[in-house]
Each structure stands twice: as C-alpha cells, then as structure tokens.
Amino acid sequence: MQTRRDWLKQAGAAAAVALAPRAAEAQARKTTLTIALPSTPETIDPHQLRSVLSGSILGLMGEGLLTRDPQTMELKPLLAESWRNVNPTTWEVKLRRGIKFHNGEEFTAESVKFTIERAITSKLNTLAKLTWPPSFGQEVQAVDPHTVRITTRIPDPMVPSRLAAESLNIAPAKGLGDYREKFVTDRFIGTGPYRFVEHVVGDRVVVEANPAYWGPKPPSARIVWQVIPDAATRVAALQRGDIDVMLNLPVPLLSTVETDPGLRVYAELSSLTHGVLLNTRESPALKDRRVRQALNLAVDRQAIIKNLFAGRGQLLNTVTGRNVMNTFDPGPYPYDPGRAKALLAEAGYGHGFDLQLWQSIGRWTLAEEMAQVIAGYWDKVGVKTKIQLLEWAEYNKRSSGSQLRDAFYYAFINGTWDASYTVQRFKPDFATFRYFDASGDLLKVIRDYEQTFDPKRRRELAAQALKGLHEEAVWLFLWQLEQLTGMSKKVKGFRIRPDDFIWARDAYVEA
Amino acid sequence: MALGVSVLVFALVHLSGDPVLLMVSSDAPPDVVDTTRRALGFDRPLYQQLAQYLVRAAQGDLGVSLRSQRPVATLIAERLPATVELTLAALLIAILTAVPLGIVSAVKRGSPVDRLAMVGAVAGQAMPIFWLALLLIALFGVRLRWLPVFGRGSLAHLVLPALSLSTIILGRLARLVRSSMLEVLGQDYVRTARAKGLAESRVLALHALRNAAIPIVTLLGLQFAQLLGGAVVTETIFAWPGIGRLVVEAIFNRDFPVVQGVVLVVSLIFVAVSVVVDLAYAALDPRLRSEAA
Chain H
0 MQTRRDWLKQ AGAAAAVALA PRAAEAQARK TTLTIALPST PETIDPHQLR
50 SVLSGSILGL MGEGLLTRDP QTMELKPLLA ESWRNVNPTT WEVKLRRGIK
100 FHNGEEFTAE SVKFTIERAI TSKLNTLAKL TWPPSFGQEV QAVDPHTVRI
150 TTRIPDPMVP SRLAAESLNI APAKGLGDYR EKFVTDRFIG TGPYRFVEHV
200 VGDRVVVEAN PAYWGPKPPS ARIVWQVIPD AATRVAALQR GDIDVMLNLP
250 VPLLSTVETD PGLRVYAELS SLTHGVLLNT RESPALKDRR VRQALNLAVD
300 RQAIIKNLFA GRGQLLNTVT GRNVMNTFDP GPYPYDPGRA KALLAEAGYG
350 HGFDLQLWQS IGRWTLAEEM AQVIAGYWDK VGVKTKIQLL EWAEYNKRSS
400 GSQLRDAFYY AFINGTWDAS YTVQRFKPDF ATFRYFDASG DLLKVIRDYE
450 QTFDPKRRRE LAAQALKGLH EEAVWLFLWQ LEQLTGMSKK VKGFRIRPDD
500 FIWARDAYVE A
Chain Z
0 MALGVSVLVF ALVHLSGDPV LLMVSSDAPP DVVDTTRRAL GFDRPLYQQL
50 AQYLVRAAQG DLGVSLRSQR PVATLIAERL PATVELTLAA LLIAILTAVP
100 LGIVSAVKRG SPVDRLAMVG AVAGQAMPIF WLALLLIALF GVRLRWLPVF
150 GRGSLAHLVL PALSLSTIIL GRLARLVRSS MLEVLGQDYV RTARAKGLAE
200 SRVLALHALR NAAIPIVTLL GLQFAQLLGG AVVTETIFAW PGIGRLVVEA
250 IFNRDFPVVQ GVVLVVSLIF VAVSVVVDLA YAALDPRLRS EAA
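Chains as they are written, first to last, in numbering that gives the first Met the number 0: chain H, 0 to 510; chain Z, 0 to 292.
Read the hints as simulated data drawn from the structure, not as lab findings.
Note that the coordinates shown come from a computational prediction; the quantities given were computed from them, not determined experimentally.
Where a beta carbon is used, it is the ideal one built from N, C-alpha and C, also for glycine.
Warning: the hint list may mix true and false statements.
Label-pair distances were calculated between CB atoms; the ranges are [unchecked claim]:
1. H/D68 - Z/L49: 38 to 44 Å
2. Z/Q68 - H/G214: 28 to 34 Å
3. H/P331 - Z/A125: 47 to 53 Å
4. H/D68 - Z/T73: 38 to 44 Å
5. Z/R37 - H/P260: 40 to 46 Å
6. H/R96 - Z/V54: 29 to 35 Å
7. H/E73 - Z/D33: 36 to 42 Å
8. H/I360 - Z/L221: 28 to 34 Å
9. Z/L134 - H/E390: 27 to 33 Å
10. Z/D33 - H/G351: 39 to 45 Å
11. H/E73 - Z/P80: 46 to 52 Å
12. H/L388 - Z/D284: 35 to 41 Å
13. Z/P80 - H/S81: 23 to 29 Å
14. Z/L49 - H/V142: 31 to 37 Å
One side of the interface only, derived from the structure: several residues of chain Z facing chain H at Cβ under 8 Å [stated by the list, open to error]:
15. F149
16. S153
17. H156
18. R244
19. E248
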C-alpha cells in the first residue's frame, strides 16, 4: 500500500526530473560576467563617447545601422537590412522592421535621421564629428518608415564604414527628443541585446539581458564593467575569481596569469600603429630621404619587441596596421647599421648630427624605455640623440599642432578601418600632424584613392600610396603590439575585435 | 580660508594646461577644438571665469564635470561617504593599535617589547603604502582568500584598505604616545597617584593618558590631511570609490570643475577637523576651559 510519504517521494522525484533540464541549463552559466577595466568609461551618452572602451560598453546596449564581424572586420548589416550606393553622393539604406528600443519605441527612419542629426549636425561635441566630419554635408531623408537616403555634398566612398562606427549608435527620436542638444547622463535607450541598469561614475556600469531583443538571446543575464585602476589588483581579483576578465594585462604580470591553472591569457594584435614621426618640414637633416631611411635601418626593431614586450608584437613597415582594409606591406627596412652609416655619409652627414627625440610620459607602456633604446641605436650610427619628455596633454597639443622637431613617438588608431584614414594625413592641406607633405605622383595617388569607389582600384591606389610613404621613410616605422587580456578559463565567447573594440555581446561564464 | 583655497586652486588648475585638447580626440581639426572651447566658456577672460565660479560655489553650485557632464556636487556627494568611511576606519585602527602599543612601550621602557614595538613603528612609518597594500592583497586576498581585494560593500571590503591607510599615521602616533607618556609618567602627580595606592591601570588611564592626550590629539588633527592624501593611493589600489580616485582621474583629464570642487570640499573638511581638535583641547584640559571663560 502506498503511504502518503511514498506518494510525496514519488511526486518529488517526478518534479525533480521535470525540473532537471532547466536547472542544469541555469546552472551551466554564471548569471553575471564581470569585466575589470583600468579606467572609468567617460559617459553613457550614445554619442558622447571618446574611447573604444566606452564604445564597447555602449555597444552592448546600442546598435548602429552596420557593424563589423568580430574576427574578419567585414562590414555586416545590423539595424540595416541592406545598403546601396545610388550615385557618388547618395546612399540608400533599407531598415530592419519590427525592432523596438528598450523604451518600447519603434525603430524607424526617424530614429536614423534623429541620430545622424544629433551626432553630426547638433552643437554637441561628439566623436562622430571626427569619424565623419560635418564638412561632408550629410543630409538624411526618410523615404518611408523603413528606408533612408543619405546624401553628402562631396563623394564619400567611406559611408558604410562610417555607419558601422560605434560613434553612431541609433537613438530613439521620441525617447531622447529632449536631448537633441544636450548629453544624457542617467539612462541609455538603445535596441541592443543588453539594457542599462546603472552607471556609478568611476566605479561600474551594469547592464542586463534585454528579453525583448530582436536577435539571438543574449548569453549572460548580467554584465558588470568594474573599474579597478591598479593592474596588480586586477590580477589578484581574477585569481580570486571575483572578476572573470581583466583588460590591459601588463607584460610583467603575464606569468602570474599564465601559471595559474584556472586562468588564461588572451592576446589580440592591437590596431594601434606605433611609429616615430620625422619632421621633414623643419629639420634640415630630415629633409633628406636618405637620412630618414638610415634612421630606419639603424634600429633593430625585432630585438626591441623581443626584449621590451616579451615578443608580443609585430613589425610595421608603413603607416597603416597589418589588418586594416586596403593595407599593404612593402616589406621591412632590415636592421643594417653599416648601410645606415653609408647612407648618412652619402647625404653629407658622415659625422652625424644632433637630433631631438620627443616622448610623452604616462601615455604608452614603457614609453621612456622605448625612447632610450631607439636613441641608443641612433647614437650608434652617429646620430646624437637627445630625449625630451613631456606630459601627455602638452605633448599631444604640440605633436598634433605640428610643432615638434625633430622626431617624436606616436601611436595612431584607425577610425574608419581603411588605409585612407592614415594615408590622408600626408596631404599638404591636412589640418593636424603635418610633418611630411606628399607631392607629385604620391600626392596624386593619395587624392585619387580618397575619392575612388571601385574596390579593386582602391586597393591598387592604397598599395601605391603605402609603398611611396615607405620609400620616403616618413616615419621610423615601428610595430603593432598585442593587446593582452587575462581571463578565467570558464569565460567563453569573449573577443577583442582587431580595432580594439571589446566584443562582449557573445560572452558568458560557465558555472 | 575657503575663498583663498578656491582662488588658489582655480589659478593652479588653469596654469596646468588646456582641458579642451584632452577632451577632443588627438587628431581633431582646429575648428572642432575652437568650437569646443567656446561651448565650455574657456574662451572668456580668466577673471570672468573665476568670478562666475566663486558666485556659483557660494550658492552650492560647483559646476558640471567636463567629462561626465554630471553636477560636481552630485559626484562629490556620491563619493565622499566612501572616503570618510575609509579614513575614519583607518584612524580608528591607528588609535586602537598605537595607543596601547605606546603605553606598553612607555611603561616597559627599554624592554624587548618596547624595542620591538618601536622598530615596528619606524618600519610602518617608512613603508610605502602601495607596497604594503600589494603585500596585504597577495597574502589575505590571494593566498589565504580571507578578504576581498577591491570595491566597497561589506565590512570585509573595508579591512585591507583601512589597514593599509592606517599605517600612514600608526607609527608616528605610537611613538608620540610613548614619548608623551614617558614625560607624564615622570611627573609628580603620577607619583602622588601611585603613592595614594591607586591601581596601576587607573593611574595610567586617568592620570597619565589624559594628560598625555593633548599632543596626541594635535597630531591626529594634523595627520588627518595626510590620511586624506594617502586615501588617493589606497583608493586607487583597492578600487575604493572615494573622492581620492575621483580627483586623480579629474586631474588626468583636466576636469577643472571636479578638481576645484574636491579641493574646496576637502579644505572645508580640514577646517572642520581643526575646529573639532580645538574643542577637544577644552574637553581634555579643564584649564583651557576656564581660560576661555
């Protein structure tokens, strides 16, 4: 005879069986993914962001019309369904239907118009104005609720790239209607897979899964971006399991993470292109191409990467990174101090000359050490190098204002992920960082490249331009370094895109 | 004093460089830089900017952060409790450790206990706070896993930062307690108290320590500023969300309104602490009370 107790046991077992798969699924993942970052994201306004870091955080909650593949950087539709170039100054974008913002508002052509106007033509100081300067004369027309036409005054083949930039998060026209001319500090309304929970300035940003997301279900229930300024503390927190991912792992702490059985190091080549810019407009010796080539031949860059950065970097042989669109590698200037000396003698500097090398304090890892090593190599071929150090704000002012002579260190991002972003800097009418003015055929190639739409022709022109700039030895070409991240082995789906954008939308932690 | 500090800070931060160049991206064209400068009012003469700042500060309006666009007063209000909690905890740890240590050292002068305590005090004073903090993290956080290593929340979160910060004043305080006690213990009234047959604990607590307290309280008042300074390092290492970190980030980003606001608030706190120290004198020494009357 079945007692009441037996019956209860059976019912309990049945319930356990019924619930088991769901419980297992819930147990398989930790509810919260915590990512520690070294500095405070400056904003939660969709268009006020200034850094890739902020862009990455906001990119979980907001979305652009286009995006880039996290591995290949290929352009892909996101809120757009498709786009086409109608004529050199007109682009048409078809929008996805049935998408709602976090506040319930529908995503339409009005949202796109509002966003581009707020980010580019308003008086707000936005990043979009740099990635897509208002001088292009952008205008947006809503053809119907799901089609927009974007016109520019001058032909702009880069429009799709610009629409994929994180500086153009699509914002709701009604929800942020009062914020056309001012920044938002207390909420984020986007269409993304995660919703805004809180932003404690200087401490953390918290987002949670958006159950109504139009795309694949977000893999983590919650993501916390926790500010921990000190790298050693970030590593300690990672070892304890208090955080799951730590950004900016410095080389000296690599082995701590590598030797911990629960952790791993994730390395991705950063898009920052490092070089020493040479002032060919004012420094007499540097006007001579042979001297500039000699400066390149005199430095053993491979040895510096190996000894200073634990081998975690790759040589750069021109002014654009190895992975951007339309890049081209003209091959290295080999380490050849004998040839360097010969070239210097040929140029009339056989007895050397004095040169000032500028470096900024507190901006780049091992900045002073790098300057000292480079100066050491140059000294060896007779170029008496004096190092000058400056605090970052002043350094940036003088370097971008084309005021530094003779040589200075810099690392450039690539805002449009196309070689044209850096190549255009060598036009004599470019506003900042004017240290070498392209002329003749090289200038013509650069100008043609900027306005050419045909992909094949663009590639050819880019290669010609990059080869020309390599031969002119406009910089001491240096390297791209790996971006190092420490993480728990249980973290899955976390990526850093080649342009340094942190791709956390597919990331989760196994329980 | 607050006015003087405000003017001084205003002058210093404006001498330190142009915030606009840090706000716009490094390759911004000059017209973007100019527009930004105008939008923020940095194109106006300095005296006008100062006058406007002072008038608003008097009304409790410390301006808006250039970086986060949030009111400076709100930012400070959010962060101040964390710093106050940390400094008070550090102060408490320092007092609870240094006072007994100093008394024991004074009473057992020359003994191994005294020597050990004083070597410890000097070592504590000499140790850089960031180094000690990292050692504490490695031991209690990573190896033993007893305590969390970053952030604010539970009492456990407070232990390591407060312990690190307390060492800034602990050593000096212990040495001062010892020397003050030694001085007082040699006084006639202590001998009288002992001669009356009072218990040694009563002699020490009521007769000696109370008389030795004036220089100790003075030191605590003076060292409070150092604690706030030390909080900058401690808050950075332990990711403690206080005003120390707020001001460091603001300085790096040339966020003038935040720097000015924090310095103003900290100087007001310092003034308040000085007043409390003065009042404590009167409470501790009846002679001062009668003089005042």
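Right, here's what the structure says about each hint:
For the hinted restraint 38 to 44 Å between H/D68 and Z/L49, the CB-CB distance of approximately 52 Å leaves it violated. Checked against the given bound of 28 to 34 Å, the beta carbons of Z/Q68 and H/G214, roughly 31 Å apart, stay inside it. In this structure, H/P331 and Z/A125 meet the distance hint of 47 to 53 Å, their C-beta atoms being roughly 50 Å apart. Here the CB-CB span from H/D68 to Z/T73 is close to 40 Å, well matched to the stated 38 to 44 Å.
Z/R37 and H/P260 have their C-beta atoms about 57 Å apart, which leaves the hinted 40 to 46 Å range violated. Distance hint check: the CB atoms of H/R96 and Z/V54 are about 54 Å apart, inconsistent with the given range 29 to 35 Å. The hinted window of 36 to 42 Å between H/E73 and Z/D33 holds, with their beta carbons roughly 38 Å apart. A hinted range of 28 to 34 Å holds for the C-beta pair H/I360 and Z/L221, which are about 33 Å apart.
As the Cβ distance of Z/L134 to H/E390 is approximately 31 Å, the hint placing it in 27 to 33 Å holds. The hinted range of 39 to 45 Å is satisfied by Z/D33 and H/G351, whose Cβ atoms lie roughly 42 Å apart. Look at H/E73 against Z/P80: about 49 Å separates their beta carbons, and that is inside 46 to 52 Å. About 53 Å separates the C-beta atoms of H/L388 and Z/D284, a value inconsistent with the hinted range of 35 to 41 Å.
For the pair Z/P80 and H/S81, the beta carbons lie near 53 Å from each other, so the given range of 23 to 29 Å is not met. In this structure the hint that Z/L49 and H/V142 lie 31 to 37 Å apart at CB is violated, the actual value being about 53 Å. For Z/F149, the interface hint holds, the least distance from its beta-carbon to any beta-carbon of chain H being 5 Å, beneath 8 Å. Given the 8 Å rule on beta carbons, the hint for Z/S153 is violated: about 13 Å separates it from the nearest Cβ of chain H.
Annotation: interface hint on Z/H156 violated; nearest CB of chain H at approximately 11 Å, more than 8 Å. The restraint placing Z/R244 at the interface with chain H holds, with a minimum CB-CB distance near 6 Å, inside the 8 Å limit. A cut of 8 Å between beta carbons decides the hint on Z/E248: the least distance to chain H is about 6 Å, and the hint holds.
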